[in-house]
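**Student:** Next come the chains, spelled out residue by residue.
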Amino acid sequence: MNSIKIGISGVRGVVGETFTPELVVGFAQAFGTYLDAGRVLICRDTRSSGPMVHAAVVAGLLAAGCEVVDLGICPTPSLQLAVRWLAAEGGISITAGHNPEPWNALKFVRADGLYLNATQADELLDIFHQAEFAKATWARIKTEVAQADAIAHHLDTLVRAFDAPAVRARRPRVAVDCCNSSCALLAPRWLAELGCEVLAVNDDPTAGFPHAPEPRRETMAQLRALVRAGHADIGFAHDADGERLGLVTETGEILPAEATLALAAEITLRRTSGTVVTNVSTSGAIDVIAARHGASVVRTPVGQAFISEAMIETRAVVGGEGSGGVIVPRVQLTHDSAATVGLLLEHLAQTGARVSELAATLPRLVLLKRDVAVAPNRIYSVLQRLYDALAREQVAYDQTDGIKISWPDGWLHVRVSNTESLIRIISEAATETRARELLDWARDRLGKG
Amino acid sequence: MRAIPTLKISISGVRGVVGESLTPTLLVRFAQAFGTYVGPGQIVIGRDPRPSGEMVRQSVVAGLLSAGCRVVDLGVCPVPTVQLLVRERRARGGIAITASHNPAAWNALKFVNAAGLFLTGAQARQLLDIYHQGEYAKVSGAEMRAVEAATGALDLHIKAILDVLGPLPPSARKLRVAIDSGNGAGSIIAPRLLAALGAEVWPVNVVPDGSFPRGAEPVPENLGALCALVREHKADVGFAQDMDADRLAVVSERGAAIGEEYTLVLATRYVLGREPGPVVANLATTHALDALARSYNCPIYRSKIGEANVAEEMQRRAAVIGGEGNGGVIYPRINFARDSLVGMALILHLLAASGRTVTELLAELPPRYMLKEKLACRSDRIGKVLNTIRREYAQWPMDLRDGIKVTLPDGWLLVRGSNTEPIIRLVAEAETTEKAARIIAEATNHTRACLDA
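Protein chains in written order, with the numbering used here: chain X, 1 to 449; chain P, 1001 to 1453.
The reader is advised that the hints may include incorrect statements.
The calculated label-pair distances, taken between Cβ atoms and stated as ranges, are [as the list claims (entries may be wrong)]:
| id | chain 1 | residue 1 | chain 2 | residue 2 | range |
| --- | --- | --- | --- | --- | --- |
| 1 | X | A207 | P | E1135 | 49 to 59 Å |
| 2 | X | A111 | P | V1207 | 33 to 43 Å |
| 3 | P | E1020 | X | A221 | 28 to 38 Å |
Just a sample of chain P residues kept apart from chain X, beta carbon distances all over 12 Å, derived [stated by the list, open to error]:
| id | residue |
| --- | --- |
| 4 | G1039 |
| 5 | A1124 |
| 6 | Y1136 |
| 7 | K1138 |
| 8 | R1145 |
| 9 | A1150 |
| 10 | D1155 |
| 11 | D1163 |
| 12 | R1192 |
| 13 | P1278 |
| 14 | I1300 |
| 15 | S1354 |
| 16 | T1357 |
| 17 | P1366 |
Keep in mind that the hints were calculated from the coordinates and are not lab data.
A virtual CB, placed ideally from N, CA and C, is assigned to each residue, including glycine.
Bound conformation, chain P alone (with noise of 0.2 Å):
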């Protein structure tokens, strides 16, 4: 079999391996085909504190300042501060530099249009036409501008926060709050916002070195110490961060992690007890989200995944809220973009206000289980991956915009190639574990016998 190769190159941004795939060159071509790409103007650029950051933000700035562009460099910090920055300095763009929840070896471009929001896909395209064709805009050394180092972005980021949500409501008892990131980006911004929310904070992974302490990814596996922390302080709530704090997991006061699905149930709850209104989800993301939405009387609309298509989505249908089941939850009114930090932020508000806790607001909602499968799958091959589920469920109602999604009589699933990585996923949920282990075996044995044939 041909080797799967480490460079992925697509509507999500650029990414690879450093030491392969992800050059220099490659990084400095991309940098000036999206400086040729938004014009010569301000771009903010930020990356996560893995290691081979610094590398990666010096061929970035190399291949901006010759395009023309002003540079605005927040250091290391959120993805969604990038996000945040470009829209409060009227930024003709960003470049967020972080391969989020892939391994230390990844790196990747992540490009941030003047909305503050990733490329649309027609966007993207663009973008990749300029690039192919390699024809880039260039500018004399007259016209060259300093790198801006901004400092304060992470300030501004916090007043954000605390200017729409406000402080937690003065009680008897402050939260106790245990928070883990990972080593990543969160570390410099998260302890320092739940102090500002006037919560009390046990820190662990807080050092951003992006020396990976856990498994990068917020799920429950790579969160023992976040739990543990949390029985051990007695902590209301337990928060996990990936490298580039986009996403938030949660862990409940009995230091149970919950899942990520969750974090956009609850965060959802606490926005629709007081502003109602559409809430916008991807294909994968838990149906307890839309029992959540029905018991407000607010319309649940599901986007493409990836967080271009449900901001995207969110636009179309003015949400008051959207997300990913990853944890991602985007929230209009402060910043439009996955943000781990207004996540916190609004689940506080939610476990203040309604003085239940974590684990009694998830017994509100109705059960369901979710199982994820991923095999790894050359991308030529999952188109025959998809038209054999195709024909294997037609008798089933089926979404087609994304992969393909199948509404089952007692569940349903999901199978979809990776947009990050040469993988096909398969997600199922029912009301019961053994069900949606029963639907996620009989597609896993269907996508196999497809790619063994």
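If we strip away everything but chain X, and leave its shape as in the complex, we get (with noise of 0.2 Å):
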């Protein structure tokens, strides 16, 4: 299995085995010649591998004639937000986010505070390869790396943005699980501002990754334990990075990965109307929520980016994917779990709901999901499979990322994963059961790996 993927979202690979520091020095200084010097912000996780990532990525930076300026360890969009506060040119992020614990990665932020775009990312890619890096002399190459707090910034900027005295004035019991990443040094301090009482749990940044950095069931269970234990009015599950969400429900419910966007956009849409954006792998319920408001929903491959992208030239209100990740524009455009906070505890606070009661506004669909691990090298005959399968049987597909056929009671997705040699299905419908054929479905056409 090839533990490489370079792509949009950056270049990630198995420390140990293909994440090299010559790789990582490589990548520094094609970024550092792609942003012809300047400013760069780098930040990272918790992960062990990151002090060789981080010390390769300052070399390769310094290398090239940057100035770079280094926010430890910190939350992706504390990064974000801090490349416009700081006037850099970009950023990078030491970070494979979800990914598990042997893996690392390197995030390309541009000066926007977003993530390279395809067409970036390629450019970024050609300068790689081709290898002919910016090489600062003696007399220009800075000497120095400066520091600076992006977390305090990340803090008064959602200060800011949201309504902070109504969440004091209910002051909230909130569970929070850090996953002993980069929110830990975020996560508590915001809520300790909204005036909640903190029941913290892995919130030491030095203790290693307690489970798998991604908010799903199987690693939320010790959330909800503390949601019951302590009696809290929510819990809140972030990854390694602050990109992504989970949810607990004061009831002790977990919330598939699916719910955070769609209540952060039932909650958006109750507000003000305009565009949602998504990837075209998230679940229906945004589009039942969003026709209910009469709003509209435009559907992005797969990627941040893209979405980033897609949520400026609509002017969309809100925006994010089915994996936790939500973008609230009044913050940045860009996932931010901190921010996802603000929105739901405000609201919360606001109408004086309960989030069982506003989960139980959301559609009831089954979202299943199936990786099949596919050999680098066998991905595309497998694929051409189905896409074989399909043009026998006449069945119409959406190709905006991947394969998305549709059907008036469900829908199936097949595409390759961006981060791992994985092709991923995911379908669904109202029932389990149908859910379930559907996957079945796909599996059938794609055949034995």
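Using the hints, put the two chains back together into the complex; each one sits in its own frame.
**Tutor:** Structure representation (structure tokens):
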């Protein structure tokens, strides 16, 4: 199985195998060359390969003549917000996000705080492959690495963006799982700013990941127990770098990852009208919610940069992905779990509703995912079998990203992962039986890997 | 003519020009190769304060961590401090980040073995084989350690010197010392050491910003400010260090730079006076040292040029002191490394114990005059030059261990290719300047004729 992925989500791989310091140095030099030197922000999450990758990134950026500002351990959205604040040319977040601990990655951020889009990522790759990097001479090379506190700046921005007094007046009791990563330095402080009574777990950035850094049912049992034992009003689960958010209701129900964006859309559309942007893999619940409020939905390929750019184009009011990443435009146009926390707590405080009541209003659909591990050299031929079957059976499909097939009572999406050597199959229908039938329908046509 | 390359990978380490040949990729690979070579354990690193130091340091840290090493970072410090700490901490090895006397555009890695010595020729070749093979040890994130920022290394270095030599003996008058660290790594430790020894100190160029306020080498033409400082404050002695504080030059109480060759001579005089024993110096070092050793009935042995070669010969001969004529003093009882701080302490003790001035001490030695010349020379031409020299001087005794050293009736001549730069070096020494000039002029003519042919 290959353990390197270079694509729109940046460059990621397994440390000790493919994600070598040479590769990292090369990409940092390429990015420094792409930005034509200038100021570059860097941050990392808490995985133990962080210091090695960090040193390699600093070396590459300095060699390319960049001025490096180190934000230390800090969530990716804090870095993205700080790019404009510090008038930087861009940034590199050292985090493999929701990938397991052995992985690490570089995520490239441009001058407006958004991720490189597909075209820009291709340009960066071309520079990397050409390997003719800008090299600063001794007279121009920066002699030191500066530091800045992006988390304090993020907090200032959040406090101004939301109705903090309304939340403070309610003094909600909030459980939070920071996955012992960078959110440990942001999320508890943000909740304290909002006047919450904070029940924090896994909030030690030196302790290592307690579970997979991805908010899903299997990783949220500890948070649910905390919500129940502490009689919390809500529970929040953060991923490793502050993008995705998982929710537990005050009744101790773990909501599916899809519910985070659905709730954010419901809340936002109750207050403002406008477009919702999400990717082709995200639950049809978003369409039902938008229809209720007379709003439209724009679907993009999978990848944050596509959603951010579509939101700018359509002046959307909310956006995100079914994985739990939500974009709240009044903070910034990128996934930001702390901003999502603000949106939810503000709404609950202002309306006095319980989160379980709000969740009950969401359309009940069953979304199933199946990952099929396929060797990189087999991916093309396996997908071709599906294309052949669709042509033979004359089934219509959407090709925004991968293959999406819609039926009146459900849909099916098959695509190659951006981050791992997998084919992802997603189906959704009103019942689990029907959703499972759709998964099987796809698997039959893909055949054996 | 083909451009002379700016990258020099040799047994002295890897050095190159930042912004040209010394790229972070190359540095990361060398650090990985070194980590692979010495194995997963403690590695001590330190750097001189030149502008590219931070880029190089970060590259080295990335490569070492990836190979599973535990990095002990001393920050900006002298090279001999890295060597001392490798032994103190029983580390697997060390990397000193410094291009020592090379100009600001250069930087380099020097590799230190577990004994605190620079890699021997054989070790360096093994490292190069690993580097070229390109298959490096790689550990998973779970096995990686955070970098340890070691504080107190400089204190430990000063203590090591005082423990062996003690402070200067109390006398009617404190010794007055002027120090020029060239804004190099010595800036942060030399004034403190001198004060701890009990001297009165006047410093110049002791801001460790790597800004090269004077030429990087502590040769006489770069020491005008120090000489003036000595005269202004009527100092007993002036000391000048190079960028990484391994080499030391001395200025007399009259404000005259006496030449780096005499640093080792003065230090040796103090050591042989108290503990007679074998002395080792490289082939290019002044023969005034032979006269001094003879006066103490001590044997002197010559080695190839380069700290690693001198150190190896010192171990073989159980030398009490050794070093190089470029101001590198190795005194194994404190630090088996060229150490300008140790050199200062030895020379100050000599002044205090003898009650004589630098000028008086030098006057006791037979006169020797040394002249040096260097010519740009592509590495592939060096052999041709050496063959010419060998032919031209065939009637005289020769030492062929490192280039060609010819013993002439009225002096000696050494011709060799540099390990660190694409140049050929010529050195001559005789009893008078005129004789030395004649020797070097003749050899230079032979060399030029050969290069132009």
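**Student:** Next, verify each hint and record whether it holds.
**Tutor:** Verification of the supplied hints:
{"no.": "1", "hint": "X:A207 - P:E1135: 49 to 59 Å", "result": "violated (34 Å)"}
{"no.": "2", "hint": "X:A111 - P:V1207: 33 to 43 Å", "result": "holds (36 Å)"}
{"no.": "3", "hint": "P:E1020 - X:A221: 28 to 38 Å", "result": "violated (56 Å)"}
{"no.": "4", "hint": "G1039", "result": "holds (16 Å)"}
{"no.": "5", "hint": "A1124", "result": "holds (22 Å)"}
{"no.": "6", "hint": "Y1136", "result": "violated (8 Å)"}
{"no.": "7", "hint": "K1138", "result": "violated (5 Å)"}
{"no.": "8", "hint": "R1145", "result": "violated (8 Å)"}
{"no.": "9", "hint": "A1150", "result": "holds (16 Å)"}
{"no.": "10", "hint": "D1155", "result": "holds (24 Å)"}
{"no.": "11", "hint": "D1163", "result": "holds (35 Å)"}
{"no.": "12", "hint": "R1192", "result": "holds (23 Å)"}
{"no.": "13", "hint": "P1278", "result": "holds (42 Å)"}
{"no.": "14", "hint": "I1300", "result": "holds (40 Å)"}
{"no.": "15", "hint": "S1354", "result": "holds (43 Å)"}
{"no.": "16", "hint": "T1357", "result": "holds (40 Å)"}
{"no.": "17", "hint": "P1366", "result": "holds (43 Å)"}
Going through the hint list in order, the structure does not satisfy hints 1, 3, 6, 7 and 8.
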